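Peer 1: First to last, the sequence lines map onto chains D and F.
Counting in this note's numbering, the first sequence runs from 6 upward without gaps.
Counting in this note's numbering, the second sequence runs from 981 upward without gaps.
Simulated from the structure, these hints should not be mistaken for lab results.
Don't take every hint at face value.
[Claimed, not checked] Restraint-style ranges between C-beta atoms, simulated for each label pair:
| # | chain 1 | residue 1 | chain 2 | residue 2 | range |
| --- | --- | --- | --- | --- | --- |
| 1 | D | Glu493 | F | Phe1279 | 51 to 59 Å |
| 2 | D | Lys10 | F | Arg1439 | 48 to 56 Å |
| 3 | D | Lys10 | F | Asn1443 | 45 to 53 Å |
| 4 | D | Glu20 | F | Lys1104 | 49 to 57 Å |
| 5 | D | Glu223 | F | Asn1443 | 24 to 32 Å |
| 6 | F | Lys1079 | D | His459 | 51 to 59 Å |
| 7 | F | Asp1148 | D | His459 | 53 to 61 Å |
| 8 | D | Asp513 | F | Gln1118 | 41 to 49 Å |
Since this is a predicted model, take the numbers as computed values, not measurements.
For every residue, glycine included, the Cβ atom is placed at its ideal position computed from N, Cα and C.
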Amino acid sequence: MTLLKEKDYGTPKIESDNNVTGYIDGIEITVPEGTSIMRAAAMVGIDIPSLCASDNMDAFGSCRLCIVDFEGRKGFGYPSSCTTPLSNGMKVKTKNSHLKSLRKDLLEMYISDHPLDCNTCSADGDCDLQTQADDHNLLNNNQLVASKYDFKDGCTHLDAEVDASNPYFNFDPEKCIVCSKCVRACNEVQGTFALSVDSRGFESTIKPGVSDNFFDSECVSCGACVQACPTGSLIEKSVAEKGMPNETVLTTCAYCGVGCSFKAEVRNNDVVRMVPYKEGGANNGHSCIKGRFAWGYAKHKDRLSKPLIRDDIKDDWKEVEWDEAIRFAARRFKEIQNEYGTNSIGGITSARTTNEEAYIVQKLIRTAFGNNNVDTCARVCHSPTGYGLKQTFGTSAGTQNFESVQNADVIMVIGANPTVGHPVFASQMKKRIRQGAKLIVVDPRKTDIVKSPHVKADFHLPILPGSNVPLINAFSHVAVHEDLIDHEYIKNRCDEASFNDWIDFIKDDSNSPEAAEKPTGVDASTIRKAARLYASGNNGAIYYGLGVTEHSQGSTMVMGMANLAMATGNVGFVGAGVNPLRGQNNVQGSCDMGSFPHELPGYRPITDDAVRSIFENKWNVKIQNEPGMRSVNMFDAAVGGQFKGIYIQGEDFLQSEPNTQHIEEAFGSMDCVVVQDLFLTETANFAHVFFPATSFLEKDGTFTNAERRINRVRPVMEPITGKHEWEITQELAAAMGYEMNFESSEEILNEIAELTPTFTGVSFKKLDEVGSLQWPCNESAPLGTPIMHVDEFVRGKGQFIITDYVPTTETANRRFPLLLTTGRNLVQYNVGTQTRRTHNTLWSNEDVLEIHPADASTRGIDNDSLVLLRSRKGETTLKAFITEKIPAGVVYTTFHNPETGANVVTTENSDWATNCPEYKVTAVEVEPANHRSKWQKNRNDDLSQIPITVNP
Amino acid sequence: MSKVIKIYIPNETSANSVGANMLHKTISNLIKEESVKIIRNGSWGAYWLEPFIEIEKDGVRTGASYRNIDLTHLKTIEDFFLDFEKKNPFDINEIDFIKNQNRIVFSRIGQQDPLDINYYRATKGYESLITALEIGHQETIDRIKSSGLTGRGGAAFPTGIKMQTVFDQDVSTKYLACNADEGDGGTFSDRLIMESDPFSLIEGMTIAAYAVGASKGYIYLRSEYPLAKDFLSNAIDIALKNNYLGENIQNTDFNFEIELRIGAGSYVCGEETAMMESIEGRRGLVRSKPPLPAINGLFGKPTLINNVVTLATIPALLSDQHSEFSKIGSNKSVGTMPFQLSGNIKNGGLIETRFDITLKEMIENYGSGTKSDKPLHAIQIGGPLGIYLSSNMLNTSLTIESLEELKGSVGHGGIIVFDDSVDMSEQAKFAMEFCVKESCGKCTPCRIGSVRGVEIIERLQKNKASKEDAILLEDLCETLESTSLCAMGGMTPNPIHSIINYFPNELIEK
């Protein structure tokens, strides 16, 4: 393997109905009208020298190295090929002696203000200035040749101070050539507008906004600037520390559901840096701080390489070999089943592992365990999506690919905070908004997407937590009353009877914007205007997150959105759709893999004899014909004494489930808890067996992202545990008496493809060929399906569902006058297992309670002071952060840190259809505190603390 | 006939800089009677006379220069009248400096209160707008095309053709941007129009906007012109009130509004693409062309960009002055050009005349020679990026074509005169220093090359015979000229080349 250098065409691809034909150095080329000479030249294999151009940003024309000549040229100077479009009949010359000497002269100007020693520069070998100097005979023994314009006492920027404030990269102004690529990447690719050029002329310097350094600035550390920098001015610290990488492994990020493709750049079997991959279907060469930089946890000293066992959770752990640990777990599970019955144990597949690893766990449960007690973390996030979209459209997944947003005219973001949760997709969305798409944001909080540089929501509807359904019903009500619905679409594509029923329902005054005023707290006229905008604004696209699903009416809301989208004819083509922004890297995949108690892989009902027999024949077992227990049922049963053992692949229930005390009781009641994870998590404190798991850098398999895109995950290093996770599961199955005999994860995927109609066409080989595939991928869609429901819905006719609003029982009252809603921040990821073991903690290392100034002042709460957060369920303390981004009456916190225990206060309320917990609504009171809560003290006293250090 | 005595005291930046405002204060304090009235007129452009005060009595208007004269000792207005008579007042229209000019565009300056719309209308003002609205878009453009007018901002591009390009774009939103970022040292023609006849600019803009189909116009005014800002704001308000701007102008379906934007002290923002960046709210960076602003300009829309004088010329071209204008001169050098004479010159000021006047006529007939009375040594034409001509090149005609032959340009019409005390190597260095100071920093040759240019010239100043440095300077100028993004870097070598060529041994010894 070698280091992969991706081809850069210099300027972005142009779409045009017209083509032009010109000649580059005599070679005829036909390109879409508007294509630059530089790009056209690159297409015929002629790379024109350049330092400031890149095909992911608009042409700028700063470095002037790319000057060319053409017949009939007018004016005083040569045009830059990046900014000049090819025109019909144009005869371009990219090389001649004059151009060459001018380019050399320009390079001499650069070099007159640049350090000469390439040997001591971290960017040695990955520097465009070095390459160009070499090409123009200005590099000698890896030293830049002193410039003819290099005068003693001449003005330079040499010895400028390095900004090392960011933990992941340095900015060295001495090496800056002021090409503005970093600024343009920040503006055009990331959309944060954190960087600018200060001053003008020779004094021009790159500056992180109004701040003195990168760390204190608005920079979100996405890394786009570092990637864009043509010299060593902006460079990863890891490159300086470990040296320039020399091989590339293409793989997929293991954080959120965007599923960014990365080049893991490696030196001596050690990752030096993760660089987003341009061909990545989801991210097109962009990244966020987590995927780009926060991967150091993979080698964190807290990671364990050997399994642990103990008889009792009060005992100390004992490190053992794999065989012993697996035998220990198998024996315990069998003992439990002997005593309490087949259904007394179960398991959880992880949304963080590969499809293959998730598949094999549910297979283990359905074969070796002999029951259907399998669930996955989608239960607590997007299970209502699965339910709601299946009822209405016929499939449990989002309808679009990410790229579709580039054709959206009205974007409606509901209960999602994309710049924080799905930053790379948010950048794509912001780009489209900057181009003029309209934006409606439904969220209690004034999130970044509501107003940030060059992005401003046309409507922000700050609804009260728990009032999604009346709002979406009011949208449909307006669309119906003002006849903004697409009759033709409904007639052709939707179920007529269900539509007629729905019309009768939605027309009723109880669904009017006026009726929605009270529960939502948003005035009727604003709701009307926003509804009109969505319903009449050409391509309408809905993007939503857990602010939709994590409610007692989560499934109702998903169907409410599906109703609205169908009624306005906004499903089944590019630019439209209903799209869950899914949280985990493989939460889509784990659901696809049959991780639910009622479904086999491919969302096929366990109760269907025909479906079951397919698996029974292949697996050679009898599968129970009734759904098993959901995770919440397992925990309730554990408290009740009927459920005694659980195999958990990569999920930290103790921190992530609502109502922590209840979960503590459930886990404390079990006889065998097996945790398979990277670190000793909060849940591991209740475990009897710990199987050390592998990080994504060790995995070999596939992840499926939020747009159903199956991406390859390729190993950069051998498992430090000595075992792939699928091997652990297979050996556990074997120890319990069921042999699987997979030789590789590839064989597992082949079995998935064989048994699952939507995966028939998927294989490692095909993925290696085409990069990625969006399911369904089978004979009728051999290259996958970017947009679903194109000519007809998967279920045939789109089904309208009545979406009555049943308010949550969790309401504010005199004792608990505020509503708590929870979420995430940019730098930490969910329960923080990984990100808390990276330098991301420098930005955020504790959860804070966001509270409106009015609510704070009436309670005597100061900014940054300790407050007690109390609900009907429990109490915890954390620091207050006073902000107007949260409306009065609502408070907000994140759940990243176990010390905070945000879920100590959340309730066991859940979605009526899927049991997805109601994390987003908890009635609370907040008051000043001077000591930690009882729960926090007990946790500190009772539990062995896991040392966490920031030293990955 | 009225018995009112009118005293004209100019309210114009140059006049104010030599005391017009103070004189106005002193004189107005003397006036007790209603029969004496002060009018703050514009400047006639005969700057060596400023502050030039005129009195109109019994229909006769004469004036006198009050430069360096203190009137605070006067007790009554009669004292002032007596003092005035002692200064042998004369009719300014009779002096050669004014009489010999061919004032078409600048015909109103100095005459009356610049904001007196009745005077403006009485002198055929707004007749051309009415004409344009009657004859339609294409005919308006055709008349401008046939006049031969070229852009007076510096690039001398045919105005009518540019308008045609904007008009031909099938886009509903179009803009007009008036470039009032008059940054060349020694130029003031734009300012004179804006301060002394603002309605001519506003009418010109309105006609141009109508012709190309723009409904919004910007005036990008440099921050160093606060008085022009006041005049323009007031004039825009008055035009609005009189239905010459706004909705349904003169009861047609044509709507047009003008927004004044103030720059922030950047020379390069007078470059049209940097100006657009600035108007759009960004740093004043030059954009690459193509796309041409006429096709893809302000906010991505077709935009007609013209200089103040160009736009202020348009009303004349739709009036009976069209033929008077277009019959003057030939080729690109058609019509009148407002030259601005300054530097070491006796009679500096604005001279609107034909292009093909010689430098000798300009300096001797209009300027009356150097102010220091020392021998003339150098004349820089066309602003800081313009070429220097030597005293033995006075027969040079000031047409666009003849200056192009000399590798220079008329530019915005600035002419700066130097006597023999000038150090031409310092002037060469100044060219590079100017580029250092004003470069936007986007392109490499201008950003780094200009700094190296200063350094090389400083070395040459120590050793004019250095062959090595002479070659370096030549290489540097070549790269600036051939690779710069805009004319700022591209033209910076012009003054240096002219000094090398026309002032042998003053920068480089051969």
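Peer 1: Please go over all the hints and tell whether each is borne out by the structure.
Peer 2: We went through each hint and held it up to the structure:
1. D:Glu493 - F:Phe1279: 51 to 59 Å: 36 Å, violated
2. D:Lys10 - F:Arg1439: 48 to 56 Å: Given a distance of about 42 Å, which is not inside 48 to 56 Å, the answer is violated.
3. D:Lys10 - F:Asn1443: 45 to 53 Å: 47 Å, holds
4. D:Glu20 - F:Lys1104: 49 to 57 Å: At roughly 52 Å between Cβ atoms, F:Lys1104 and D:Glu20 fall inside 49 to 57 Å, so the hint holds.
5. D:Glu223 - F:Asn1443: 24 to 32 Å: 51 Å, violated
6. F:Lys1079 - D:His459: 51 to 59 Å: Holds, at about 57 Å.
7. F:Asp1148 - D:His459: 53 to 61 Å: 31 Å, violated
8. D:Asp513 - F:Gln1118: 41 to 49 Å: 59 Å, violated
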